[in-house]
Amino acid sequence: MNINLTLLGQMITFAVFVWFTMKYVWPPMMKALEERQKKIADGIAAAEQSQRDLELAERKALEILRESKEGASHILDAANKRAETIVEEAREVARVDGQRIVAHAHDQVQQAVVKAKEELRSQVGMLVVMTAEKVLHRNIDAEKHRDLIAQAIEEI
Amino acid sequence: MTETISTAQYIEHHLVHLAYNVKSGQWHDDGSFWVLNVDSLLVAWVVGFAFLFLFRFAAVRATSAAPGKLQNFVEIMIDFAQGLVKESFHGKCDLMAPLSLTVFCWVFLMNLMDLLPVDLVPRFLELFGVEHFKVVPTADPNMTFGLSIGIFLLILYYNFKIKRPKGVLKEMFTAPFGIWLFPINIMFRLVEECVKPFSLSLRLFGNMFAGELIFILVAAMLPWWSQWLPAGAWAIFHILIITIQAFIFMMLTIVYLTMAHEQH
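The listed protein sequences derive, respectively, from chains A and B. Position one of the first sequence corresponds to residue 274 (our numbering), numbered consecutively onward. Position one of the second sequence corresponds to residue 291 (our numbering), numbered consecutively onward.
Don't read these hints as lab results, they were simulated from the structure. Beta carbons are placed, not taken as given, at the ideal position from N, Cα and C, and that holds for glycine. A couple of the hints might just be wrong.
[Stated by the list, open to error] Calculated pairs, DSS-like style, for lysine-lysine (alpha carbon to alpha carbon, straight line, at most 27 angstroms):
#1 A:K311 x B:K453
#2 A:K311 x B:K376
#3 A:K296 x A:K311
#4 A:K304 x B:K376
#5 A:K296 x A:K312
#6 B:K382 x A:K296
#7 B:K486 x B:K376
#8 A:K296 x B:K376
#9 B:K451 x A:K296
#10 A:K312 x B:K359
#11 B:K359 x A:K311
#12 B:K376 x A:K312
#13 A:K296 x B:K359
#14 A:K304 x B:K382
#15 B:K382 x A:K312
#16 B:K382 x B:K456
#17 B:K486 x A:K304
[What the hints assert, rightly or not] Below, a sample of chain A positions facing chain B; criterion: calculated Cβ distance under 8 angstroms:
#18 N277
#19 T279
#20 F287
#21 F290
#22 M295
#23 A305
#24 E308
#25 V369
The shape of chain B in the complex, shown without the other chains:
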């Protein structure tokens, strides 16, 4: 990049993924399905493995005697996730608490990448010839949809597992208006279920993408000596947003799965 680059170019440059086309073997996003956004996946893996490593490390060394600082932290997180699950879900399900914890921690860490200065990682990787690098995985709809579709599949699985296909069908026909309005019931149900993955992923994606865009805009449009003020203020505010978005994602996961377990 040179000094003469325009604002629009700068912004555009920051919105392109480091992409790899699996089919053609080219490092270029040509809009086909066979493209991997390597940057999103890589960052997601790094922070995800950091989370798993930390928690696994604590779990291996977990003791029932007086816990150390790390174990205390991990126990607090586990209590937090389990408490939220128990609050709304009263059945027995070994998956839900670990799922919620993973969702919360992972999404939080991915969101946290938003607080890195926008040019830090891309500039650094530019030294190694990497042209584009988007560092916030949750600002990539592929990532958020990946999460929400996974949860959607779980919702379907638990619906069928708990109520059996017969129960699901009966529910679709009769709830909420009774059997005589079954076409409306079915429509309602389909919309209700299909909206869930979108509501989950688009909310997270929207927040993170907008947040990142504001950082990019600040970096692109303001002179360097005044950037600290709006970027700093936005970063402080953003700490709240990334936490809340991770929390909402987890909470909705729990609520949706609880609804899948419950009979109408």
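Next up, chain A with everything else stripped away, as it sits in the complex:
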């Protein structure tokens, strides 16, 4: 149990072992540990980020939904208005057309009446002449008494 050369051997061994651990065991293990730490931290950060993104997207979706609803109601209003105006216009056109047709018909009736009156008048004239001839048993020369006939017609 003397102190001897073993002491020196042990000290050298000790130094070499510690050096080896420090140089060849520690750094790779530390690297792996730190990398894993970083990975985990990144993962947590990414999860938080995506959570935020999700919230943002949800809010955005709601916004878009609201906007589209608004837009749809706008479009509906416009369409309704447009339909109303179209109906209104059609009504107007129909009214104007109707009036025009009525007026036209009126004119035609008027013309027919005038024409009929005219004809009636001339036929009445002829009748008068024929009647007068018969009364007088005499041929009234229509040429000669044209002015007379015309006068009679006028007077009817």
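We have chain A; now place chain B onto it with these hints.
Relative to the frame of chain A, chain B by itself:
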């Protein structure tokens, strides 16, 4: 060995190292300084290289993805050492955590040899003509002093590195009682520092030597059929002791080096 060997002879036989005198070239411990305790060094190397190989193997294959069982174990050990270092030491020192881990694992493994049956290795080596073989390196004061003197040198190194010679001198003169009691301060400091390697190595050596001696006594004095009970009980208790002694050795290493870093 024959059946007629006496208890005292048996014990004595178990306390002799396999020694080699470097100067005379003889396999005999003649008490001179030039003797190597080959058994202690050999076992220390074997378990030490086993530790280094295992950890280096894990370190080479270390991945930042999901670790395997070996890597998990090594990471736990590294975390353990680093946690203890960080708990007491707040500066930056790349040496301290690897040093503590090496100290703990190596001392633990050397202590662990104590749990081998006392006659197993010596008897086996006897077949090859080896007369003596002590299998517990930490029951050899050379080994424990080898460790503690290494740590003592580190304590000195860090004292001078951190505080500079001027700071160390100032501390020696003024702490803890002030400049006017400087002779007492210097004496205190010298005793305090010089006690450290002894306290480290003698505690470990004492525990391991006593533990081994009890195994030897059990083996020497009790009949073979009753040895299992006291030896088994002592072995179970000894599992605790070898772990605690390794832990204490590491802890004191950390504490001493932390003290070397700190200014008074």
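Outcome of the hint check:
1. A:K311 x B:K453: violated (36 angstroms)
2. A:K311 x B:K376: Holds, because 20 angstroms separates the two Cα atoms, which is no more than 27 angstroms.
3. A:K296 x A:K311: holds (23 angstroms)
4. A:K304 x B:K376: holds (18 angstroms)
5. A:K296 x A:K312: holds (25 angstroms)
6. B:K382 x A:K296: Holds - the C-alpha atoms of K296 (chain A) and K382 (chain B) are around 17 angstroms apart, at most 27 angstroms.
7. B:K486 x B:K376: The given pair, whose Cα atoms are some 21 angstroms apart, holds under the 27 angstroms limit.
8. A:K296 x B:K376: Status holds; Cα separation ~20 angstroms.
9. B:K451 x A:K296: Holds, at about 21 angstroms.
10. A:K312 x B:K359: Within the cut-off at roughly 20 angstroms; holds.
11. B:K359 x A:K311: holds (21 angstroms)
12. B:K376 x A:K312: Distance ~23 angstroms between K376 (chain B) and K312 (chain A) Cα, so the pair holds.
13. A:K296 x B:K359: Holds: K296 (chain A) and K359 (chain B) sit about 23 angstroms apart, inside 27 angstroms.
14. A:K304 x B:K382: holds (17 angstroms)
15. B:K382 x A:K312: holds (25 angstroms)
16. B:K382 x B:K456: Judged against 27 angstroms, a Cα distance of about 22 angstroms means the pair holds.
17. B:K486 x A:K304: violated (34 angstroms)
18. N277: Holds: closest Cβ of chain B sits about 4 angstroms from N277 (chain A), inside 8 angstroms.
19. T279: holds (4 angstroms)
20. F287: holds (5 angstroms)
21. F290: Interface hint status for F290 (chain A): holds (5 angstroms vs cutoff 8 angstroms).
22. M295: At about 4 angstroms, which falls below the 8 angstroms cut-off, the nearest Cβ of chain B leaves the hint on M295 (chain A) intact, so it holds.
23. A305: holds (4 angstroms)
24. E308: holds (3 angstroms)
25. V369: violated (86 angstroms)
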